[in-house]
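Enquirer: Going down the list, the sequences are from chains A and B. Following the working numbering, the numbering of the first sequence begins with 653 at its first residue and continues without gaps. Following the working numbering, the numbering of the second sequence begins with 48 at its first residue and continues without gaps.
Everything labelled a hint here was simulated from the structure, so no lab data went into it. A quick note: this is a predicted structure, and the numbers were derived from the prediction, not measured. Cβ atoms here follow ideal geometry from the backbone N, Cα and C, with glycine treated the same way. Incorrect hints may appear among the rest.
To be verified - Under 7 Å between C-beta atoms, here's a sample of chain A residues computed to sit facing chain B:
hint : residue
1    : Gly664
2    : Gln668
3    : Val785
4    : Glu788
5    : Pro791
6    : Glu879
7    : Gly881
8    : Arg1187
9    : Lys1195
So you can see what is in the structure, the chains are spelled out below.
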Amino acid sequence: MTEKLLRVTLDGETLQCAPNDPLAVCLYRNGVRGFNAGSKTQRPRGFTNLEWWMPERLQSEQDAFLSPYSRVEREGLTIRSHKTSFSYRLVARMISRFIDSEFPHRSIIRKRPFWDPTSRYLRKNLPNPSPIVVTEVKPKQSVVEADVLVVGSGISGLSFALKLKQLGGKVAVVEGDYVLGGRGSYDESIIHGLSNSTRSYADNLVRTAKDESAHLLSNAVFDGFFEDGALGVELGGLRADAPILFKAKYFVFATGLRDQPSLFGNNDLPGHIVASSALKLTNYYHVKLGRGVVIGNNEYAARTAIQLKRAGSPVTLISGCESLSGVRKSYLTELQEAGVDIITGVKQMRAEGRKEIRRLMADERRLDADFIASAESWFPALEIFGQSSVPVGYCDWIGSMLPMHGWYGETANPSVFVIGRSSGILDEPACSAFAEATACHIANKLNLPVKNEAEGKLDAAKAALNDRYPDNYRAYSNIVTCYERNEVLNEPSKRAVYAADPYTVFVCPCEDVTLHDIHRAVKEHGFGDIELVKRYTGLCTGKCQGKRCQMSGIYAISNLTGKSPTMTGTFRQRPMVITTSVESLEAIEP
Amino acid sequence: MKTKILVIGGGIIGLSIAYNLVKKGETDVVVIDRKYVGSGSTTRCASGFRVHFFSDENTLFAIESRKRLMKAGDELKFNPLVEKIGYMWLLYDDAMLDAYRRTNVRWSQLGIAATPMTPEDVNETHPYINTEGMIAAYFGPQDGELHHDFLLFGYRDAILKGGAKILEYVDAKKLLMNGSRIEGAETSAASIEADKVVVAGGAWSNQILETAGVKVPIMPERKEMCVMEPMKHFIPGLLINTKLKSWYILQTARGEAVGSVDHPIVKETFEYGNTLEFLREYSRAAALTLPALRKARVLRVWSGFYEVTPDHSHILGRGPQWPENLYIAAGFSGHGLLMAPYAGEAMADLLLEDRTTPLMEPFRPSRFEEGKQINEELVIG
């Protein structure tokens, strides 16, 4: 690369950044893993997910509350993290064991003589960002009108959009990231059954979509359903975000599955990232991650481990299961060829390090690690399905709650469709084929002048998936059968929580909710309802609004109550999808 | 199932009644809620408490309630995070200023004097507030905010420890009548026989009362709310802009800014939902009143129901023509949380000793037919 590097100052320290890289990538490249502190405990924190919805906050003089996913666009950008005063941090760290959900309710603290001055002290000293008065050009609202709005520009979203466009439908695709292609923009695995990689498959789709001048909006987020319209937001990065009004007959969600941080001891330490983010850093941004561990027993864990190893990171693949039963044979062979170390049957797991992860203790083994990548389970954008009253059910094969839908992705909400990985298909060619069938189905609903090819497409897609990936086909048909019979998709979960000190296993990294907090809520206070656990602990109420913790929270609660995840239910989902600044909302013109 | 007292509604009012019953030694109490405790309006509330009302009746009731609220952390096993951060009303016209000036004379007599402030005072103490067009402000230092769920959990914990029952996910379908007597309620689970039945169903109270041929003037009014990411505490107490559709905002102990703006009701059904219209109105008022909020980020929005009566005051007790053994504690018109501690105690007195306290008397259900409505005009949101 011959591009000139830009200078960025973080808390007085100068860093060199590639222009247009997200700030978080720039930090990682410069060896900065942790840049914030946990809200309650003040333990060091980095980020777990490198996504457009990153909940961590940085602050610059001109732009309050920056997302670390904002791109470095100007020379000399000065940002600061939200570290508190040394003394506050010291005290908080010293008593961090007591700062749990029960802390304010402890008998000394809740008494008036103690609480009154304490609350006044906290009001003055809480390490929150300060407000900033700025005067600048106000953002303007834009309107996106189409027959169908597709959310997500991965393989499914683009396949759908291209097919519908070809059939004469008006379609718009929104993508939160500034890179189109979704997971395909950085996953270089060879697709089983095809001779090219996910990345080239997706790149090809993106190129075709651009050639055919499809309506593609990157940096644009679907922000929520409201009674009087659907809201979107165009992410401005260093500038203000602008609202978008979506006017569409149908909404197709191709939002994929989000990787979720695993639950092990000290899983809040900087250096713990999810597998997709590790791949993104390695393959898209070419950051050297160093030695690492990948956790999971499924093909995405295997694919991540293989790619990281090939990119030069010594990797160990770890799983709590006795064997890598969830990995397809072809990937097992690849794992071996790549020379990835494999450890299975791990029961206890704990990360160690002072400011960032240095090693992982897995049972009796000690593994030196600069990063830990979680690929154990995923979940779809539950906030969207909750908002649009689409019921979800638990599917153990995916290890997640999935929206209930029919073969074409149709849901209980007649204007909402779901396709791709968020609907329960994991196989790329199948994502594409089913998405095209959905496009034909919707084309019929739109009365587009095409001959009915939906059924044929669907049958072919079904047969091909069954042939290639029978396990996935079975799980998928199970979801559809339940939807059609109006039954509850309800399987017991076999998900691993690695035994460790429950005070150090963070379920919700935004609000510092640990396993210990959830245990106390369920066992001591007897909160059986997930909403009450949420209100007591603050689980899912932080800046990510459950994007990292929702499924872990459900697992933890269902493990304790003995109820299955479906019966435990999800948290009530409220708009918005991402936190949106007042100045953007101000510009709404309904 | 049989019980002495059945409370229909497991919100803050229902639980406060049950808590006070248990505290007075009556443990044969069952509280039912159609969902989890607090699931109706309590958990959706803005969590402010105040003693400043225009009418004497409400003010006196709120003062009593506040006394009990202050002791809640000492009495309960949960800390309701009560913080006396004050309420600040920003005033923009002379008529409004007059009303506050007049009432403040009365407030001073009651020992809850509010502090009048000029725009210059406000500028000096709270530089973040835009004082353009403002003619004065009133600050009520006795008011504040608390954590509504924690107060509820405190009551719940004490009720359960005291031996009374709380049944969640039990929906009251119908009141059981024998002649002119109420003998319990039919629920989605099983019938519950009870000597006395208290309806504390908030905005939904009429649904159950109607099954006994009783109707009270309670109208559900949907309100939307909005919460922002935590910031340094820079908003003075609960800030109310009286000009901009009574836009208000407060910062919780954690620093999250919660608030709302009075926004025309779209529906009369009990459907929770949110509108873009509200978001726009709210953020415009926010940016006008506190320009520093423009960069603040909204976490989420939600909606809930005010249980509004014609005089914006609650209904406690029973009507003279009502079936025997039927009681009501509802219609709090947005003041449920702050009135709950005393409302529960007064209701417990009524249920156990058949004694109506003088403070509770004006809130009797029959006041609407008697033409003795309470003149309450200090309404927020």
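Enquirer: Determine for every hint whether it applies to the structure shown.
Expert: Consistency of the hints with the structure:
1. Gly664: 21 Å, violated
2. Gln668: 28 Å, violated
3. Val785: 5 Å, holds
4. Glu788: 9 Å, violated
5. Pro791: 10 Å, violated
6. Glu879: 5 Å, holds
7. Gly881: 5 Å, holds
8. Arg1187: 4 Å, holds
9. Lys1195: 6 Å, holds
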